[in-house]
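K.L.:
Those sequence lines, one after another, are chains A and B.
All the letters of the first sequence, read from the start, carry residue numbers 52 to 164 under this note's numbering.
All the letters of the second sequence, read from the start, carry residue numbers 24 to 136 under this note's numbering.
Bear in mind the hints are in silico, worked out from the structure with no lab data behind them.
Keep in mind that a hint or two might mislead.
Some chain B residues near chain A, calculated using beta-carbon distances under 8 angstroms [to be verified]:
no., residue
1, Gly65
2, Leu66
3, Thr109
4, Phe113
5, Phe127
6, Gly128
Ideal placement from N, C-alpha and C gives every residue a C-beta, glycine not left out.
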Amino acid sequence: SQQGEEDPQALSIQEGENATMNCSYKTSINNLQWYRQNSGRGLVHLILIRSNEREKHSGRLRVTLDTSKKSSSLLITASRAADTASYFCATDFRNNAGNMLTFGGGTRLMVKP
Amino acid sequence: NAGVTQTPKFQVLKTGQSMTLQCAQDMNHEYMSWYRQDPGMGLRLIHYSVGAGITDQGEVPNGYNVSRSTTEDFPLRLLSAAPSQTSVYFCASSFDYSFFEQYFGPGTRLTVT
Chain A
52 SQQGEEDPQA LSIQEGENAT MNCSYKTSIN NLQWYRQNSG RGLVHLILIR SNEREKHSGR
112 LRVTLDTSKK SSSLLITASR AADTASYFCA TDFRNNAGNM LTFGGGTRLM VKP
Chain B
24 NAGVTQTPKF QVLKTGQSMT LQCAQDMNHE YMSWYRQDPG MGLRLIHYSV GAGITDQGEV
84 PNGYNVSRST TEDFPLRLLS AAPSQTSVYF CASSFDYSFF EQYFGPGTRL TVT
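Could you build all of it, start to finish, from the sequences and the hints given here?
P.N.:
So, in structure tokens, the structure goes:
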């Protein structure tokens, strides 16, 4: 099963509103990353937050991490139509096979002009 | 830098055929990985490599082989294509699986009939 799961699966908002997406994971992590995917394209890295950080900002993006609850949130402020995309969280994961980065199912964000 | 390149962009195979998806990066990254993405879903890790000569299985390795003879190249081989392997395949690379962002290729859209 996947390490990370995003919530909600889909989100539709008006331009100018804020968008909040959540990610929950199962095992302890070193870092958590957020990625964006435009339709038909590869994923693009947005932000990385380390396990000893609680909050991080990058432009209109704000990411929080709560390791006690094994959850993270991505906030996009003052959304624009160009923010329409799918957003994925990714966590490092260790099992008997080794170390790997695993992705959640994503949140599909639609920002209406 | 070209970043991460993948070929081909599109491919149609008949059941039972074999083929190799190519992936190359010019950033001297040690960590490379292959994911598949099915409609409306997140990415699932197929195989990954932490350096030349070293490969490991991910979440869904069955039906796929990989090799890593050089730092730059990480081909994914489908041994005997099945309709269940219809998907979009992404290759990614980074300095490390956890502490650095992943760079993704543009993807290969594979259809198995």
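K.L.:
Now tell me, hint by hint, if it's right for this structure.
P.N.:
Hints versus structure:
At about 4 angstroms, the closest approach between the beta carbon of glycine 65 of chain B and any beta carbon in chain A falls short of 8 angstroms, and the interface hint on this residue holds. Taking 8 angstroms as the C-beta contact cut-off toward chain A, the hint placing leucine 66 of chain B at the interface holds, the least distance being around 4 angstroms. Interface restraint check for threonine 109 of chain B: the shortest CB-CB distance to chain A comes to about 16 angstroms, outside 8 angstroms, so the restraint is violated. Because the beta carbon of phenylalanine 113 of chain B sits about 6 angstroms from the nearest beta carbon in chain A, less than 8 angstroms, this interface hint is met.
The interface hint given for phenylalanine 127 of chain B holds, since its Cβ lies 4 angstroms from the closest Cβ of chain A, which is under the 8 angstroms cut-off. A distance limit of 8 angstroms between C-beta atoms decides the matter here; for glycine 128 of chain B the minimum to chain A is near 6 angstroms, and the interface restraint holds.
Comparing the model with each numbered hint stated earlier shows that hint 3 is the single one that does not hold.
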